[in-house]
Amino acid sequence: MRQKLKLVFAMLLCSTLLCTTGCWDNRELDSLSIVTGVGIDTSKEPGNLDLSFQIASVQNGSKKEGGGGEAAPYLIREAQDRFVLGGIDSLRYGNSRQLFLQHNQVIIFGSDVAKSGVKPYLDSFMRNTETRMEVWVMVAKNDARSILTTETVQDKIPSVALSRMIMNERAISPYSSTNMLQFTSRLVDRSTAPVTLVVERKEEDGLQSLNFSGMAVFKDDVLVGTMDMYQMQGYILSMGEVNGGSVQLVTELGNADLKITKSICKQEIQLDDQGNITFKLKVNTTLTIGALQNFRSMDINKVISLVNEKAKEDLETKIKACFAESQRLQADIYGIGAHIHKYHPKEWKTMEDAWASIYPKIRLELEVETNLGSSGKISESLNMREGHE
Amino acid sequence: MIWDLLQRKIGFYSHRQNSSTQQKSEKKQEPEKKKDPKDPEIMDQLEENLTYIENLLGKSGDIKIHRFRLGKNRECPAALLFVDGMINQKVISDEILYPILSMEYTVPSSRQDGRERISQLREKVLCSGDTQILLKLSQVAAGILSGDAVLLVEECAVGLSVSAKGWEKRGVTEPETESVVRGPREGFTENFRTNTSLLRRKIKSPSLRMEQMTIGRKTLTNVCISYLEGVANPQVVQEVRDRLSRLDVDSVLDAGYLEEYIEDSPFSIFATVGYTEKPDVAAAKILEGRVAIITDGSPFVLTAPLLFIETFQTAEDYYIRPLFASLMRMLRYIAYFISVFFPAIYIALTTYHQELIPTTLLLTIASAREGTPFPAFFEALIMIFSFEILREAGLRLPRPVGQAVSIVGALIMGDAAVSAGLVGAPMVITIALTTVAGFIVPEQNDSMSLLRLITMAFAAALGGYGICLCFLALLVHLGSLSSFGVTYFNGLSFSRDLEDSVVRMPLWFMTKRPARIAKNDMTRRKFFIPPNPRPTTSASGGMSNSGTEGDGS
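Chains as they are written, first to last, in the numbering used here: chain C, 1 to 389; chain D, 1 to 553.
Hints are computed from structural coordinates only; laboratory data are not their basis.
Where is the CB? At the ideal position from N, CA and C, for every residue including glycine.
Keep in mind that the hints are not guaranteed to be accurate.
[Said to hold, decoys possible] Distance windows between CB atoms, simulated: (1) R2/C to C468/D: 51 to 61 Å; (2) I412/D to K119/C: 56 to 66 Å; (3) N243/C to H353/D: 30 to 40 Å; (4) R496/D to E369/C: 34 to 44 Å.
[What the hints assert, rightly or not] Only some residues are given here: those of chain C computed to face chain D with a beta carbon under 10 Å: (5) D25; (6) I34; (7) T36; (8) S57; (9) P73; (10) I76; (11) M126; (12) E130.
With the sequences and hints as input, model every part of the structure.
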């Protein structure tokens with residue numbers, strides 16, 4: 001009897017294991033609309049948002065034969081609502097499939113929305129369990145919808161193309177692009193200003209393409225300005241490890257295109273007794289020669305030392321330009337405030353409120369060291385050879 | 001239904017216990033009934049004996065009774081009994097009849113003991129090496145039926161059986177299962193003696209034991225327990241002996257009959273008795289301390305105890321070099337995992353955890369799934385069932401037809417079903433990979449097919465959680481199984497066992513027999529003796545001696 005009771009009990013336990021879970025959240029793939037990108041713009045109606053969801057439209061692979069594939073491989077579903085979630089909800093009606101946000105690649109804010117502050121919209125993305133924190137946050141140069149409707153050539157779905165572009169960018173440096181987690185952690189920091197990439201749609205001869213045109217700088221959650229690619233390179237160089245990118249030099253003797261193979265940077269922040277802050281940067285960059293033009297009848301060693309010197313100057317100006325721009329915008333993109341908060345908490349208390357006015361007064365001490373190492377497979381350029389003859 | 005099964009299982013166990021006690025009581029009674037009227041001894045009168053045998057065996061055309069007369073003056077009637085077709089005619093004529101009839105010798109007078117007369121024949125006349133004195137008529141019948149010729153002589157109360165076995169048998173050929181690229185190609189046959197001799201030829205050690213017994217009330221099948229005395233665990237040997245002698249069955253037509261009666265867990269999806277068709281494999285297992293059971297009429301030799309890891313070892317692992325063998329062995333474990341869990345993982349990912357699939361892969365899968373009418377689980381079920389049907393069809397049909405079936409089946413399944421939009425292409429790939437992976441471990445093929453269905457059902461109902469439940473339940477079940485007193489899941493722990501489970505270490509590295517199986521004489525070789533191309537002077541001495549001992553022919 002006891003044995004039997006035990007058995008029944010064990011069976012009951014097993015059945016609870018099986019019956020209380022179950023297939024209630026079972027979703028077949030063909031009942032989903034896989035959202036790959038979300039664009040947020042301001043609507044013409046005040047207070048409303050124009051939400052565009054890019055949905056990968058999937059066609060049965062075996063059926064698309066005979067040089068078809070003319071239709072765009074995605075759909076854009078639009079919704080107007082005060083809230084992001086409300087927009088998603090309003091799309092639920094009139095759509096045969098459920099919006100599936102887990103695979104969302106990018107959230108693109110139109111510049112209007114970004115300028116009015118993004119906090120209220122990020123909230124719903126963070127709160128919702130369906131969305132990932134790894135989604136890329138970007139700012140469109142104009143409106144987000146036009147970005148999502150660009151006809152990209154190789155990766156047909158623009159949002160997927162964008163996420164791949166970002167991955168390429170991150171191979172060089174992880175500091176220019178931000179995902180939602182990084183973006184919001186900077187927002188929480190309060191003194192540090194988030195940065196993201198600015199994406200721009202270009203159209204030439206009917207050929208559309210997407211491009212990163214620079215870096216958007218936020219102050220708190222409001223877009224205050226953009227830096228161009230020139231300043232952006234200065235920014236990533238001063239933030240830490242850089243594994244790529246090029247430096248183009250135009251001199252009187254000839255032109256050179258240098259590749260950055262590796263660049264490391266040491267940041268140091270000093271706070272003296274008077275409350276003056278010094279931001280010390282030690283950048284050590286290794287470059288290789290990508291191309292040399294002209295430098296007629298010059299010795300290669302001389303050319304290298306000349307180019308090296310020029311590269312150093314170039315990098316210095318870039319970094320300084322970036323720093324100056326950030327001071328002009330009063331946006332602490334380097335996290336100097338966070339550093340002081342961490343290591344000098346007493347002083348920080350007095351600075352915290354006036355940080356926006358203190359930040360522009362920070363002195364930059366820059367030390368750039370460039371090593372022009374390898375010259376590639378050949379040493380002298382073809383032009384230089386001619387000069388010898 | 002499960003309840004019913006459980007009840008039956010409990011009933012089965014209780015019955016087994018009862019029957020064993022009954023058998024003990026029967027054994028006690030045995031010595032008392034010596035003179036049984038149903039089992040008479042051989043009588044003095046030849047004709048009486050012959051009529052008894054004729055009555056016992058009925059009118060069977062193949063049973064021959066050859067009457068003739070012995071002695072100088074042909075005064076003594078005698079008869080030779082045998083079954084036509086089971087004896088070698090040459091042996092009958094050259095070794096039995098010719099010496100008896102041609103040699104001039106006097107039959108001892110009738111006053112002498114009959115037993116004496118027969119032993120005279122046996123010692124002086126017959127040219128056969130395998131003779132046996134029979135006392136009972138039932139022994140005579142059994143002797144005839146097992147292929148011996150029995151000589152009965154007037155006024156001798158004993159018979160003489162002479163081995164003259166010679167029937168049609170299949171030669172030693174390469175087995176179709178367990179085929180190897182490198183290694184011995186001979187396989188066991190249906191012939192009992194051939195099989196035992198194949199084993200003897202592999203292991204010439206005097207301590208190789210072949211314990212013979214007869215099982216099956218009607219079939220009287222010869223069964224032989226083979227093991228290495230002093231290496232095999234005596235308890236395991238005793239257990240095998242007990243289980244076999246406990247059997248009271250009607251017939252044994254194949255080793256599979258025995259396996260079902262002696263295995264530890266009859267309701268498990270895992271077999272706990274191994275089998276092999278190759279003498280080298282059987283020999284290797286005996287050398288590891290296992291027990292082999294040879295059944296007359298079956299080319300499959302059972303081996304016990306069986307471990308889970310053993311099914312992942314193949315004969316060829318030991319004949320090719322260890323690095324590649326280890327790689328292949330790991331591949332087999334991976335293939336096993338794929339074969340059991342891959343469809344389940346696919347179902348769970350596409351119906352519950354779409355967020356776990358990389359985006360581009362998800363889009364590819366989604367576009368293939370688009371427009372297919374069935375849910376992923378049913379799609380998988382359809383594919384697996386049609387595969388199993390195809391396999392079964394190809395297996396039973398004659399080979400040329402079987403090929404046609406598989407080609408048509410593969411075309412319809414693989415191509416037409418996808419292009420008609422009934423099944424998504426990724427599912428076809430999944431099932432194809434799954435089933436092909438299943439063939440890498442042939443010994444676990446049946447367990448894999450069953451497990452696959454179970455994991456799929458759980459994945460369809462519970463997603464990844466279901467797969468985890470299945471995996472845990474599988475581990476628990478595997479851990480609870482045992483085979484002849486040895487834990488089935490042995491060999492995967494961090495111990496010396498690993499040298500021959502996940503990887504195959506070089507032969508010179510494996511100096512000890514597997515600890516969980518062999519009992520005594522654990523050392524295979526004394527030290528690690530890695531191959532050395534430059535032998536030292538002391539090492540060369542021992543080699544030449546051992547070479548002359550073996551007589552490989």
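Against the structure, the hints come out as follows:
1. R2/C to C468/D: 51 to 61 Å: At roughly 31 Å between Cβ atoms, C468/D and R2/C fall outside 51 to 61 Å, so the hint is violated.
2. I412/D to K119/C: 56 to 66 Å: Distance hint for I412/D, K119/C holds at roughly 59 Å.
3. N243/C to H353/D: 30 to 40 Å: holds (34 Å)
4. R496/D to E369/C: 34 to 44 Å: Taking Cβ atoms as reference, R496/D and E369/C lie about 57 Å apart, which means the hint is violated.
5. D25: Since the shortest Cβ distance to chain D is 7 Å, the answer is holds.
6. I34: Holds, about 6 Å.
7. T36: This hint holds: T36/C lies near chain D, its Cβ roughly 7 Å from the closest one there, short of 10 Å.
8. S57: holds (9 Å)
9. P73: With a minimum Cβ separation of about 9 Å from chain D (threshold 10 Å), the hint on P73/C holds.
10. I76: With a closest approach of 16 Å, the I76/C hint is violated.
11. M126: With Cβ-Cβ at 16 Å, over 10 Å, it is violated.
12. E130: Since chain D brings a Cβ to about 8 Å from E130/C, closer than 10 Å, the hint holds.
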